[in-house]
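S.K.: Starting from the structure of chain A, add chain B where the hints point.
These protein sequence lines map, in sequence, to chains A and B.
Each residue of the first sequence is one higher than the one before, starting from 5 at the first, in my numbering.
Each residue of the second sequence is one higher than the one before, starting from 62 at the first, in my numbering.
Rather than coming from a laboratory, the hints here were simulated on the basis of the structure.
From the three backbone atoms N, C-alpha and C, an ideal C-beta is built for every residue, glycine too.
Wrong hints could be hidden among the right ones.
[As the list claims (entries may be wrong)] Example chain A residues on the side facing chain B (calculated, C-beta under 7 Å, incomplete): (1) 135; (2) 265; (3) 266; (4) 358; (5) 361.
[Claimed, not checked] Calculated Cβ distances over 10 Å to all of chain B for the following chain A residues: (6) 67; (7) 77; (8) 130; (9) 193; (10) 314; (11) 340.
[Stated by the list, open to error] Computed footprint of chain A on chain B; a stretch qualifies when at least three of its residues, placed anywhere within it, have a C-beta under 8 Å from a C-beta of chain A: (12) 101 to 112; (13) 135 to 148; (14) 188 to 195; (15) 290 to 303; (16) 307 to 321.
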Amino acid sequence: MKKKLLSVLLCAAMVGTLAAGCGSKASDSGSTASSEDSKVSDDTLVYWSMWEATEPQGIAIQEAVDAYTEETGVKVDVQFKGRTGQREGLQAALDAGTHIDLFDEDIDRVNGSWGKYLMDLEEYAKAADYEATANAGLISACREVGSGTLKSIPYQPNVFAFFYNKDLFKQAGITSEPTTWDEFLAVCQKLKDAGITPITCDDAYADCMIGYHLGRLGGEDKVKEIVANGEWDDPIVLQMAQDYQELADKGYFSENIGSNVWPAGQNSELALGEVAMYLNGSWLPNEVADTAGEDFNWGCFSYPAVTKGAIDTATGVEAANYGAQVFAINKDSKMGQQAFDLICKITKGEYDEKLATESNGIPADTSNAEWPALVKCTKPVMEACTTRYSWAVGIESDEDMTPVIKENFIKLMAGTLDAQGFVDAMKAASK
Amino acid sequence: MKKNKSMIIIFLAPAVILFCSIFLYPIIRTLVMSFFKIEGVTDPIAEWSFMGLGNYINLFKTSLFRTSMANLGKIWLFGGIIVMSISLLLAVVLTSGIRFKKFFRAVIYLPNIVSAVALATMWLQYVYSPKFGLLKSFFTKLGLETLSKTQWLDNEHKFGALLLAYCFGMVGYHMLIWTSGIERISPELFEAATIDGANKPAQFRYMTLPLLKGVFKTNITMWSVSSVAFFLWSQLFSSVTADTKTITPMVYMYSKVFGAGNSVTEHDAGIGAAVGVILSICVVVVFTLCNKLIKDDELEF
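Next up, chain A with everything else stripped away, as it sits in the complex (with noise of 0.2 Å):
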């Protein structure tokens, strides 16, 4: 009898330690508040973060959680996710009823991917007179891929473009930016000439080459059609393999552009002042930061016009590829109100400030007229910019598609592949 009770007890002990084994911790590892708490009470505000605790952009959105909390109260959960984890996790999180009332992330999949979760975000907007001094252009990008009205709140803003280093410009006796495709060949030309490579490029945004090309010659919705349809042989496919050639057969491109892996050509190559231009969003002069040194002289322009060839939905230099992070509030939320105070908090005056200057990045709010050094070449592309593209202007829309993509584009690249050749072998994949 006796045996019989203790096993009875042991048994019990047992599967009480596996329960408390399983049961969930409602704040990982980079959890800042609360974190003793298993269940997080209901007036915490938790927001899952994009950022890794230890980035600039973490580290910067801490400081002003933590103000926020300070001035009224009201405690914050920071869960520090980091972007896969957004990716993989927030969804199942919020399918299961996971009390989270703040996320971010891009604006695209923010809104494409999760916008049934989404809370509108137009009256608090409008409460707050949010708009006086946001991003015009973001503010509607936001309500544009929100179904017309607003779900996100934009900040740390990038524009896609090419980033050059002026001083090898100005070694070549280039004078002013190229705007048009016969003056960026001109400016190759001229770097060719003063010894130096005039472009690189990394595997990673190879396939954003093509889709600016495409979309200069044929507007966004041109390409995501030629991807969507297989409609390899239009004759702007051929063009832009054309033009792609001429720049290849000329020496403009890097001799190690068949072989990059990110990071080696914006590491090795732009930052180490051994080629000129690199088509990339405006992150970039903050991640090679560290190799490019405080002297470097960044430059910024759009992707030029192209004409040639060009058909009537053609976009111009007015069109780019800009977005950003923004804010969503989980529409089962019951502090939306403190959410959006908070977003206020980090996206507007003083943390805004704080957020760009840390992190190199663009400021969302527009009275922060000082933009830190690095990006400050990227203002009039961004300023300059009314048609939005998404990424890549669409020649990613198809992930069956993107790696045959991205592999005969770098074989054209690398001269190992002709134009016919290139737009063969893409008719081939999409049969």
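M.R.: Then chain B, alone, in the frame of chain A:
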């Protein structure tokens, strides 16, 4: 021993419940999901729409998935041959009574301790670099002009580069398994063979190899399981967007379930589940074939 049914049930219950909820339920759910069109992994069942074998048919119609399966097959076969033979050779050398055995064993095992991310970065940004890479300087020193100029990471060589880097990291692990297998064989057997006049190669061929059959099976199974889960190295060799030369079914599955690269693409958890099921079947087939072809129970030692 007196049997006490209720005690058995009480003691087994926690383990069985946990096994069912953590292993069995996800497996069955994945299998069921693979027959439906589902957008998000956690979508409610009401939103699933039945496809029958549609996901599987679509998968095999997609050339990128076929490419990924072919890559996996090549990694498994060629990588397997390279890793198994080198690790076996090293294990035999290490157990042959050489000096500094522990030191060499530690050195060969070292890549397993280093994070794969650090290893891949070393291979990508240093060894294969066309500017200052190890291979470049090595071949330049030897005066092999063409080889020193080879771009090891271009489309033509990328798969080989990936395979070499991966195998480098895997040799140590499999060598340890071989070593433990060889050390299990009693030294007296080898002594007797030596007295009978068998030289080292003959001992290896007629004694070590036959007695290692069971270990061979273990190694093949472990190799198959780790090959099927080939993901990290592929991601590191082609960050952001997948690459035709390095894509594996696991990477394909990830891009289907969580989206590919920076672009916002349609998610399809049903296809992802189907990829998972196909991969599991592959492992089961390899395991069954191994069991059928390699019989290790006929020898007792």
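S.K.: Can you list which hints this structure breaks, lowest number first?
M.R.: Per hint list: 1, 4, 5 and 13 violated.
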